[in-house]
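Construct all of the structure, not just a fragment, from the sequences and the given hints.
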Amino acid sequence: MADLTTLQGLRRSPLQDMAAELRNGSVQGDRAVLLREWPFLTMVNIRVEPGSETAGRIEGVLGASLPQQCGDVTGDGAHSVLWLGPDEWLVISQAAPESLVGSLQSAAEGGRAQIVDVSANRTVVEVTGPGAREVLEKGCPTDLHPRAFADNTAISTSLARVPVLLWKVDANTFRVMPRASLASYVGVWLLDAVAEFGPRASAVEGV
Amino acid sequence: MLQIKCPWCGLRDETEYKYGGQAHVAYPEDPAALSDEEWAQYLFFRDNPKGPFAERWVHSGGCRKWFNAVRDTRTYEVLAVYTNNDPRPEISPEITATGVAAGGQ
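Heads up: the protein sequence lines correspond to chains E and V, in order. Take the first sequence: its letter number 3 is residue 3 in the numbering used here, and every next letter is one higher. Take the second sequence: its letter number 60 is residue 267 in the numbering used here, and every next letter is one higher.
Worth flagging that the hints you see were computed from the coordinates, not collected in a lab. Glycine included, C-beta positions come from ideal geometry on N, C-alpha and C. Be aware that one or more of the hints could be misleading.
[Stated by the list, open to error] DSS-like cross-link-like pairs, simulated, lysine-lysine; straight-line CA separation at most 27 Å:
1. E:138 / V:225
2. V:257 / E:138
3. V:225 / V:257
4. V:272 / V:212
5. V:225 / V:272
6. V:212 / V:257
[As the list claims (entries may be wrong)] Listed next, the stretches of chain E that the computed footprint assigns to chain V, with coverage defined by at least 3 CB atoms under 8 Å from CB atoms of chain V:
7. 85-93
8. 167-177
[Claimed, not checked] Ranges between beta-carbon positions, derived for each pair:
9. V:255 / E:53: 43 to 51 Å
10. E:184 / V:246: 44 to 52 Å
11. E:86 / V:280: 52 to 60 Å
12. E:98 / V:293: 22 to 30 Å
13. E:98 / V:245: 51 to 59 Å
14. V:225 / E:20: 35 to 43 Å
15. V:258 / E:21: 35 to 43 Å
16. E:98 / V:235: 58 to 66 Å
17. V:255 / E:106: 52 to 60 Å
18. V:218 / E:40: 46 to 54 Å
Right under this line is the structure:
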């Protein structure tokens, strides 16, 4: 059996090599946009019949209800639950994946449900700042105006033609979740997209 | 761009969807009993109407669910969307005559 604790230390996130580029490539000023990867978040995919007894037990473990509508996000503490489809959800959490998946699986035991650890599937790129929405609007076909896309909303959509989950936390904070293999493409696209919004952080700091 | 209303996600651009051909083509009850001609009819022959056409779509860029839509092949207007469990909705003759519709709302 492989030594998992050693492997944890050797893990590399999809945008690890771009960390400095993202930091220096962020822009400052009135329409500042800060780019940053949030690596290694725990993500668990849940498929279960909504409203069923099994779903109720899963909700008990999560301490949040499974959202019933496209865009809805529930949970405000340890776990956030994103709507992916009428019978599919994504839990995003900072808890250890083994313990979260374990407790969800034991809650679902005997019922019809699928609980899968998909933490390595996606990474999270946080796009923050007053210019964040404008940057994303350059490459996202969905209407991101606040009248159509409220705070704490998450949808599956595309950014620069690649599929992403887009989670709007508040007016100036978006989390873009591309697949790991497309993360560097999204990172490079974002670095190019923010260029017109202000001076690069590296230029300001004279790095 | 054509916009289609997913029954679960609402109005989205056509680029988020993929097309699945004619809807309501039932799999034969006993495929082994079919003649070659009947099997070919089931596999390859589809309606090609000028006007409302019930077809399958999948929201591959969103919730990844299949659903049905009635689309006017003359105007590209989506007249109705409905889930696989729902029966095909009646499309009123006035709508089909003028090609004017509420955009599947």
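Each hint, compared with the structure:
Restraint check: the Cα-Cα separation between residue 138 of chain E and residue 225 of chain V comes to about 23 Å, which is no more than 27 Å; the hinted pair holds. Using a Cα cut-off of 27 Å, the hinted pair residue 257 of chain V and residue 138 of chain E is violated, with the two alpha carbons roughly 38 Å apart. With a C-alpha separation of about 21 Å, the suggested pairing of residue 225 of chain V with residue 257 of chain V holds against the 27 Å cut-off. Proximity of residue 272 of chain V to residue 212 of chain V is assessed by CA-CA distance (about 12 Å); at most 27 Å being required, the pair is judged to hold.
About 11 Å separates the Cα atoms of residue 225 of chain V and residue 272 of chain V, which keeps this hinted pair within 27 Å; it holds. Annotation: proposed proximity of residue 212 of chain V to residue 257 of chain V holds, straight-line Cα distance about 22 Å (limit 27 Å). Evaluation of the coverage hint for the stretch 85-93 of chain E: fulfilled, as 3 residues show C-beta separations to chain V shorter than 8 Å, against a requirement of three. Here's how the stretch 167-177 of chain E fares: 0 of its residues keep a CB closer than 8 Å to some CB of chain V, so the rule of at least three is not met and the hint is violated.
The hint said 43 to 51 Å for the Cβ distance between residue 255 of chain V and residue 53 of chain E, and at roughly 47 Å that hint holds. Separation of residue 184 of chain E from residue 246 of chain V is about 48 Å and conforms to the stated range, judged on CB atoms against 44 to 52 Å. Between residue 86 of chain E and residue 280 of chain V the beta carbons are some 29 Å apart, a value that contradicts the proposed interval 52 to 60 Å. The given range of 22 to 30 Å is broken by residue 98 of chain E and residue 293 of chain V, whose C-beta atoms sit roughly 42 Å from each other.
Between residue 98 of chain E and residue 245 of chain V the Cβ separation comes to about 54 Å, which falls inside the hinted range of 51 to 59 Å. The supplied range of 35 to 43 Å is met by residue 225 of chain V and residue 20 of chain E, whose beta-carbon atoms lie about 39 Å from each other. For residue 258 of chain V and residue 21 of chain E, the hinted distance range of 35 to 43 Å is not satisfied, since their beta carbons lie about 54 Å from each other. Checked against the hint of 58 to 66 Å, the C-beta distance between residue 98 of chain E and residue 235 of chain V comes to roughly 47 Å, which is inconsistent with it.
Checked against the hint of 52 to 60 Å, the C-beta distance between residue 255 of chain V and residue 106 of chain E comes to roughly 54 Å, which is consistent with it. The given range of 46 to 54 Å is broken by residue 218 of chain V and residue 40 of chain E, whose C-beta atoms sit roughly 35 Å from each other.
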